[in-house]
Amino acid sequence: GENVEQHPSTLSVQEGDSAVIKCTYSDSASNYFPWYKQELGKGPQLIIDIRSNVGEKKDQRIAVTLNKTAKHFSLHITETQPEDSAVYFCAASIRYSGGGADGLTFGKGTHLIIQP
Amino acid sequence: EAGVTQFPSHSVIEKGQTVTLRCDPISGHDNLYWYRRVMGKEIKFLLHFVKESKQDESGMPNNRFLAERTGGTYSTLKVQPAELEDSGVYFCASSQGRTSGRDLYEQYFGPGTRLTVT
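Those protein sequence lines, which keep their order, are chains W and G.
Letter 95 of the first sequence, counting from 1, is numbered 81 in my numbering, and no numbers are missing.
Letter 101 of the second sequence, counting from 1, is numbered 925 in my numbering, and no numbers are missing.
Hints were generated in silico from the structure; no laboratory data involved.
Quick caveat, the model's predicted, so the values are computed rather than measured.
Any given hint might turn out to be false.
Derived BS3-like pairs (lysine-lysine); straight-line CA-CA distance at most 25 Å [stated by the list, open to error]:
1. G/K875 / G/K865
2. G/K839 / W/K54
3. G/K865 / W/K94
4. W/K54 / W/K94
5. G/K865 / W/K28
6. W/K23 / G/K868
7. G/K868 / W/K94
8. W/K28 / G/K902
9. W/K57 / W/K44
10. W/K44 / W/K54
11. G/K868 / W/K8
12. G/K865 / W/K57
13. W/K94 / W/K23
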């Protein structure tokens, strides 16, 4: 089955700096890679995703890159703000035509701390 | 549009007792997933419903866990009898599937149910 590794487990950056979280996956059949942000006491919130036919996707201060050959993908947050402090999870899955998708395989999470 | 809701938010039970968790997906979402996060570990997939049918239950840990999705709407996850290692946070997520010619795969998570078995 799929295995997703995520690094680092904890990341502390100064407010205004950039943060990068990296993940690798093992199953070459995986073709859908979402990122989730989880705040204390809440469920994971989808913040961005990328499909295997795309190398990069950007949404305001957040970007995700995918290298299918190396089987790794990364989350980039620029101009970090205090409200970016949370636990971030990467995940991988296989999506099928017709709207179906397998359950997500998650990384272990990165605790992002934004220092004021 | 209301999000995914889960009930209860917390449950504390003794070993050997039964607990039933409920999930109400976003209205109109065909796909419903159950996950759990045991203390200190990653979020793990349990099973996947498409409407009322079980599509994949490969993540269910053992036969003490039973999931149902009545009429393709809400879902329940029953643990009977509960063991200490079942403690954790149980999440439910839903995705729309195919609609109006588009495939919508994004999974939206509920707030979770924190289960403590003592």
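How the hints compare with the structure:
no. : hint            : result
1   : G/K875 / G/K865 : violated (29 Å)
2   : G/K839 / W/K54  : violated (45 Å)
3   : G/K865 / W/K94  : holds (6 Å)
4   : W/K54 / W/K94   : holds (21 Å)
5   : G/K865 / W/K28  : holds (17 Å)
6   : W/K23 / G/K868  : holds (16 Å)
7   : G/K868 / W/K94  : holds (10 Å)
8   : W/K28 / G/K902  : holds (22 Å)
9   : W/K57 / W/K44   : holds (19 Å)
10  : W/K44 / W/K54   : holds (18 Å)
11  : G/K868 / W/K8   : holds (19 Å)
12  : G/K865 / W/K57  : holds (22 Å)
13  : W/K94 / W/K23   : holds (12 Å)
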